[in-house]
Structures are given as structure tokens and as C-alpha cells.
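From first to last, the protein sequence lines are chains A and B. Position one of the first sequence corresponds to residue 1 (the working numbering), numbered consecutively onward. Position one of the second sequence corresponds to residue 1 (the working numbering), numbered consecutively onward.
None of these hints come from the bench; they were simulated from the model. In this text, all values refer to a predicted model and were calculated from it rather than measured experimentally. A portion of the hints provided could be inaccurate.
Away from chain B, derived, C-beta distances all over 10 Å, residues of chain A [to be verified]: (1) F18; (2) G43; (3) K56; (4) K100.
Okay, the calculated beta carbon distance ranges per label pair [to be verified]: (5) R85/B with D54/A: 42 to 52 Å; (6) K68/A with P84/B: 30 to 40 Å; (7) E62/B with G29/A: 41 to 51 Å; (8) E76/A with V12/B: 34 to 44 Å; (9) S79/A with V53/B: 43 to 53 Å.
Which residues of chain A face chain B? A partial, calculated answer using Cβ under 10 Å [what the hints assert, rightly or not]: (10) L13; (11) K60; (12) F62; (13) E63; (14) I102; (15) G104; (16) G106; (17) A110.
All C-beta atoms in this analysis are idealised placements derived from N, C-alpha and C, irrespective of residue type, glycine included.
Spelled out from the first residue to the last, the chains are:
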Amino acid sequence: GNSVTQMEGPVTLSEEAFLTINCTYTATGYPSLFWYVQYPGEGLQLLLKATKADDKGSNKGFEATYRKETTSFHLEKGSVQVSDSAVYFCALSASGGYNKLIFGAGTRLAVHP
Amino acid sequence: DAGVIQSPRHEVTEMGQEVTLRCKPISGHDYLFWYRQTMMRGLELLIYFNNNVPIDDSGMPEDRFSAKMPNASFSTLKIQPSEPRDSAVYFCASSHDLAGAHNEQFFGPGTRLTVL
């Protein structure tokens, strides 16, 4: 079946450090891939998405590239800020999946000044 | 647009009581999803609707949970009777199906339920 695996947290970084959160997926067909972010006390919100192989999603300095050959969608940011502290969820939407999302377990990021 | 609206934002109740959580999706969205989030189990999809019809309720934990969507602008998730292990944050999300594209879900702020 369809599934998403992302690296366990928490990830603790100093401000301006480089961030990578790994995400790999298992799916039939051609899924779309998403990164959602959840700030403390809030619901999830879309950070970026990619709908086909080799697409790069980007937003707020974050990037992720849809790699079909490695079934991966790793999230990166060149210089994190304290305000990036949140939980990050990788997700996929399978072909014919009625807009249903399959979420990973989430990775908590803590950025210190 | 006001986004997805959930009420109440916080609910504290005693074991055995009935709890009703409410959701108003974004106008024009034809999918509605109910999720539960806990530290132990993470984010779980409970049930989702398309055009007010339940499509998949396999995530509903047991018969104490029920969900309805009487019209396109309102849905409820009911727990009767509630138990302490139901304590969690419950999220509602909605999305719009655009010609088969994979579209984002918009989440509400959640209802934090505490069952004593």
C-alpha cells in the first residue's frame, strides 16, 4: 500500500544552519507529494508541493525535489530561523485517491538563537 | 475567505458524556476530512466525505464515534460515550477537486478535547 516515511525528530539546529528532513515514499502510479508545517497550537498548512517527477516545490526558502528514481522528497532550507521551529509533515496523494493524503509521522524542528 | 472553522476550540468533559465537534469547510470545497492527533499515534485520518457522502470511515476507532455531513457547509463528529483515551486534538480539513489534480487540504485550527 501507499506509505510515507520521514526521519525521526526532534531535529535541533542553531539559527542560520542548513536543514534537511528526509522523506521517502511508497506508492503505485504517480502520486503528488507535499510538505505541510504545523506551528505550535495551530492546524497544518501547506508549505510546498510537487505533482510530477523532477518538479521542485519551493516556498519561504524551503525546497524539495520530487525524485522518482529514489522515491524521495527531502525538505531543505539553506538558513533556518527561530521562527521555523515547528513540526513538518511529508505527505502523498495517490492517483485516484479522492484527494486523500497519506501523512508521515512528522518531524519536530527546534531552532535555537 | 474565513478558512475552515471549527468549534469549540477547547472542550473539557467527563467520561461518559456525549461530545460533539463541529466543522464548517471552505465554501465551494467538496471534500471534508476529520483527523485526530495525539502524541502517541500522531495524525490519524478518521473519516472523509465527498459531496456530503462518507467515502471511507475505516479510521473511525469504534462505534462510539460517528460523523455526519448534512449539507455542504457543515459537519459534526460525535463521541458517545466519551472516554479519557479520546483526549486529543481533532482537526477538520477541506479541499476542492480540480479535474483530477491532487489538491491541497486546508486545515482548521483544531478542537482540543480533554476527557476527565
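Checking hints one by one. Is A110/A an interface residue toward chain B, by the C-beta closer than 10 Å rule?
violated, 16 Å
Holds or violated: is there a CB of chain B closer than 10 Å to the CB of G104/A?
For G104/A, the interface hint holds, since the closest Cβ of chain B sits about 9 Å away, which is under 10 Å.
Consistency of beta-carbon spacing, V12/B to E76/A, with hint 34 to 44 Å:
holds, 41 Å
Separation of K100/A from chain B, once the least beta-carbon distance is taken, above 10 Å
Answer for K100/A: violated, closest chain B Cβ roughly 6 Å.
Supplied contact hint for L13/A, tested at 10 Å Cβ to chain B
This hint is violated: L13/A lies away from chain B, its Cβ roughly 22 Å from the closest one there, beyond 10 Å.
Status of the K60/A interface restraint (C-beta, 10 Å, chain B):
violated, 15 Å
Report holds or violated for the interface hint on I102/A, using the least CB-CB distance to chain B and a cut-off of 10 Å.
Interface hint status for I102/A: holds (9 Å vs cutoff 10 Å).
Far enough from chain B: is every CB of that chain over 10 Å from the CB of K56/A?
Correct as stated: the minimum Cβ-Cβ distance to chain B is 16 Å, above 10 Å.
Looking only at beta-carbon atoms, does the pair S79/A, V53/B fall within the given range of 43 to 53 Å?
holds, 47 Å
Checking hints one by one. Is G106/A an interface residue toward chain B, by the C-beta closer than 10 Å rule?
holds, 6 Å
Over 10 Å to the closest beta carbon of chain B is the bar; see if F18/A clears it.
With a cut-off of 10 Å, F18/A remains clear of chain B, as the shortest Cβ separation is near 26 Å.
R85/B and D54/A, beta-carbon distance inside 42 to 52 Å?
holds, 44 Å
This entry does not satisfy hints 2, 4, 6, 7, 10, 11, 12, 13 and 17, going by the numbered hints stated previously.
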